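Enquirer: Chains W and V, in that order, are what the protein sequence lines are. 1 is the number of the first residue of the first sequence in the numbering used here; add one for each residue after it. 1 is the number of the first residue of the second sequence in the numbering used here; add one for each residue after it.
It is worth saying that the hints were derived from the structure and are not from the lab. Just so you know, not all the hints are guaranteed correct.
[What the hints assert, rightly or not] Restraint ranges, calculated between C-beta atoms of paired labels, are given here:
1) V:R273 x W:A20: 49 to 59 angstroms
2) V:R308 x W:E182: 49 to 59 angstroms
3) W:G207 x V:R308: 41 to 51 angstroms
4) V:T238 x W:E91: 43 to 53 angstroms
5) W:R181 x V:R308: 30 to 40 angstroms
[Stated by the list, open to error] Here are the simulated DSBU-like pairs of lysine-lysine, each with C-alpha atoms no more than 35 angstroms apart in a straight line:
6) V:K72 x W:K313
7) W:K72 x V:K313
8) V:K72 x V:K17
9) W:K17 x W:K72
Note that the structure is a prediction, hence the values are computed from the model and not measured. Beta carbons are placed, not taken as given, at the ideal position from N, Cα and C, and that holds for glycine.
2 protein chains.
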Amino acid sequence: MPASDFTPQEYAQRLTKTRAAMASQGIETLIVADPSNMAWLTGYDGWSFYVPQVVIVPSEGTPLWWGRTQDKAGAAQTTWIGTENLFDWPEEHVQHPNHHPYDALVTLLQDRGWTGALGVEMDNYYYSAAAHRILETAFGRTAIADATSLVNWQRAVKSETELEMMRKAGRLTAHMHAVLREGFREGRRKNELVAEVQAAGIAGLPGLAGDYPAIAPIAPSGLEASASHITWNDRPLTRGEATYFEVSGCFHRYHCPASRTLFLGEVPADIRRAEEAVLTAISDTLAAARPGVTCEEIATCVYDSFSRAGYVKANRTGYPIGLSYPPDWGERTMSLRPGDTTRLETGMTFHLMPGLWTPDWGVAITESFVVTPTGGQALAEIPLNMVAAP
Amino acid sequence: MPASDFTPQEYAQRLTKTRAAMASQGIETLIVADPSNMAWLTGYDGWSFYVPQVVIVPSEGTPLWWGRTQDKAGAAQTTWIGTENLFDWPEEHVQHPNHHPYDALVTLLQDRGWTGALGVEMDNYYYSAAAHRILETAFGRTAIADATSLVNWQRAVKSETELEMMRKAGRLTAHMHAVLREGFREGRRKNELVAEVQAAGIAGLPGLAGDYPAIAPIAPSGLEASASHITWNDRPLTRGEATYFEVSGCFHRYHCPASRTLFLGEVPADIRRAEEAVLTAISDTLAAARPGVTCEEIATCVYDSFSRAGYVKANRTGYPIGLSYPPDWGERTMSLRPGDTTRLETGMTFHLMPGLWTPDWGVAITESFVVTPTGGQALAEIPLNMVAAP
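Produce the complete structure using the sequences and hints provided.
Expert: So, in C-alpha cells, the structure goes:
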C-alpha cells in the first residue's frame, strides 16, 4: 500500500479529521499502534507489527513514524512523511525480558515535550498492557486517555479512491469465488481447494495483483460449519455436506470479504429454506441501507426478514470494513446490532453477515456493500445463491 | 491442529511443566491469551483470536477455555478439555464501546474464587491494555502478576511428536522453495510467484497438507530488500536485482521458516562474497549448537564467522520457533544475541538468521534447526546457496 496510492490532499484531510477528533477528546498527542491506522495516516506498510511500532500524531506538524531500526528503510520506502520524521528504537530491545522498546518511546516523547494529554489505543492488539504500564509509569495515569478507535472512526466514510480500491478487492474476491465454484467437487481435499482460491486472490487478474488478506480463509464443512472460525484441513469434500467459504480479496490492504455456501449433492429442504431466508434478508437490507438509517435499524431489518421466514436471529449482523492488517478485517467501530444508533452515511462500507447456524450446519452468505443515497450497493459481483455441485 | 495430534500424556506433561513454573512465580491461576499457548495447552484452533479469548489454568483440575459464544463449537471440536470446561461470553460484548468481554471474565473468575495470585501475559498481542485495566480494577494491582512468556518457555524443548511435525513443516517449506526456484525468472510479476509458492505450501505434498503460516511471505527485491519486512507487489522480476524470500511451511500450526536469496543475472562480486560469508556462518554455527552452549555464544559464533570474512554484524541472529499463530512465528523467549545466557538443550528449535544487509541489497539465507548432542541439525533440506537465474 504505497503512500502514492493517495494524493497529498487526501492524507492532509485524514490528518485534519483525526486532529479534530483529538481536540474534541482533549488529546494533544495521539499514539497510534493499530497498523491499519498507521497505514491510513502515513502509508506505512510491512509485516513488522509483531514488534512495537507507532505513528505519533502531534497537535501540529507532520506525524512521526517510530519503529524497529531494521524497519526504518521500509518506512522510508512506503510513507509520505519524509525520512526526517522516522525514528527508531535500538535492536537490543527486541523481545527482551528486561527492557522494552517503549522505554525508548518515553525518551522520544520527553524530548519533544509530549508528556501530557496523550491518547493511546488501549484495546488494540498492537498496544500491549506492558506498553501501557511503561507509559503510565513515565507520565502518570491522568496524562493518558483511551483513544481506542479514534482513528478507526475517521476511516468510516471512504473516499472515491478508497472505494475504487475496495471494488478492485471485490473483483479479486469474485475471482476467488469463481475458482472455488469451479474446483468444488466430491473427493477434493479441502486444503488443495483453499490453495487454489488463495493463489487466485494473490495472482489476481490482468493488471490487478492481490495482497494478503487480514484473515485466512475460513472454510468449515459439515459439522465443522456449526463453528464460526474453523480454517481448513485435508479432509476430502463429502457428499451431503455444506461447506462455507469466507474469503476476501485484498488490494493494497483494502478488503471486500464475502462468504458463500456450497453443497455437494442434493440440498436438503431445511438448508434450501435457510438459503432463501438469507437471500431475502440481504436484498431487504441492502434496499434499506440509505444515509440516515441507523445501524440498529439495519440489524432489525435483517431480524424482521428472518422472522417473516420463521427464523430467529439476534446477534451482530455486520461491521464496517476497509483498510486492514491481520488479525481482523473489520474496523471495530460500528456494529449492525441493537443499541448502535450510529447513522449510516454515503460512502460507509460494511460486511453484511446474515448467517443462519444450527448445531448441524451453517448457511453463510454475506455481502460487502457501500452506502449510497439509493441504498446499499454491493462492492463485488458474486452470485449469491448456494452452489450445489452434482 | 486437533488435540488428537498429541497423547493425553503429552498434554498432562505440558500442564505439569506449566504449573511448576506458575508455582515458582507464586501464580495460582494463569490466564493465557496467547493463541499459541492456548493451542499448546488444550489443542484449541480457530481464527477467533481477533476477539478476547483465554485458557485459564487453575492450580489444579482441568484448564478452562473461555471465548465468544459462536466459537464454543470450535472449542468443542478442537480441544481435549471436555465441553463442561468451555465457557463463553455473550455476543453483545463483541467490539462494543461501553462494555467488554473481560467484564464477563471477571464474573467467571469471581464465581470460581480465583481472585488473587493471578498471572497474565502483559506483553502479548491478544491481551490488551484495556483488558488488563478491567482485571486490575476488579482484583487490584497486587492480585495480578506479569506472566508474559511463562507458557512460551515451557514450549522451548520440543517433544519427538512436535519435532516430527516441524520436520513435516520443513518438507512443506522445502517444497515452497523448490516451486520458487522453478518459477523465478525475468519479467515474472512477484505476486504471481508468491501465489504459486503459497499455494504449494497449502496444497502440500501427498499425505502432507499445509496450514496458513503465522507470517505472510516476505519477498523484497532490489532496493526493497534493504528493508526487512516488505511483503510483495506486482513489479516484474528484474535483471540485476537480488530478491529474498522468507517463507515457512506450516503443518498443524508448527513452522519451519527459511529464507533464500535469488538473483537474476550474473551475481556481483560483493553479493557473492556476502553469500559465502553467510553460508560459512551457518555451518560454523550449526556445528557449535550443542547442549550447554549459551544463546550468546551462538551469536558470537555468527559474529566471529562474519568478522573473519570482513563483515560486522551485531544484532540478534535468531530466535526459537515452533507452534504459532499470526502475527509472529517466533516464540518470544530466548534470542541468539549478546547477553542471553540461556543454555541450549537437546530438542530446542531455532530459526538462525545470519543475514547481511547494505543500503543497496540484502542477502538473507537462514536455517531452522533442532539442537542435538552433536550440534544443530537442519529441520528442512533446502539448498542453501543463492540461486542465480540466467
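Enquirer: Does each hint fit the structure? Answer for all of them.
Expert: Here is what the structure says about each hint:
no.	hint	result
1	V:R273 x W:A20: 49 to 59 angstroms	holds, 54 angstroms
2	V:R308 x W:E182: 49 to 59 angstroms	holds, 56 angstroms
3	W:G207 x V:R308: 41 to 51 angstroms	holds, 49 angstroms
4	V:T238 x W:E91: 43 to 53 angstroms	violated, 30 angstroms
5	W:R181 x V:R308: 30 to 40 angstroms	violated, 58 angstroms
6	V:K72 x W:K313	holds, 18 angstroms
7	W:K72 x V:K313	holds, 18 angstroms
8	V:K72 x V:K17	holds, 27 angstroms
9	W:K17 x W:K72	holds, 27 angstroms
Checked against the numbered hints above, the structure breaks hints 4 and 5 and satisfies the rest.
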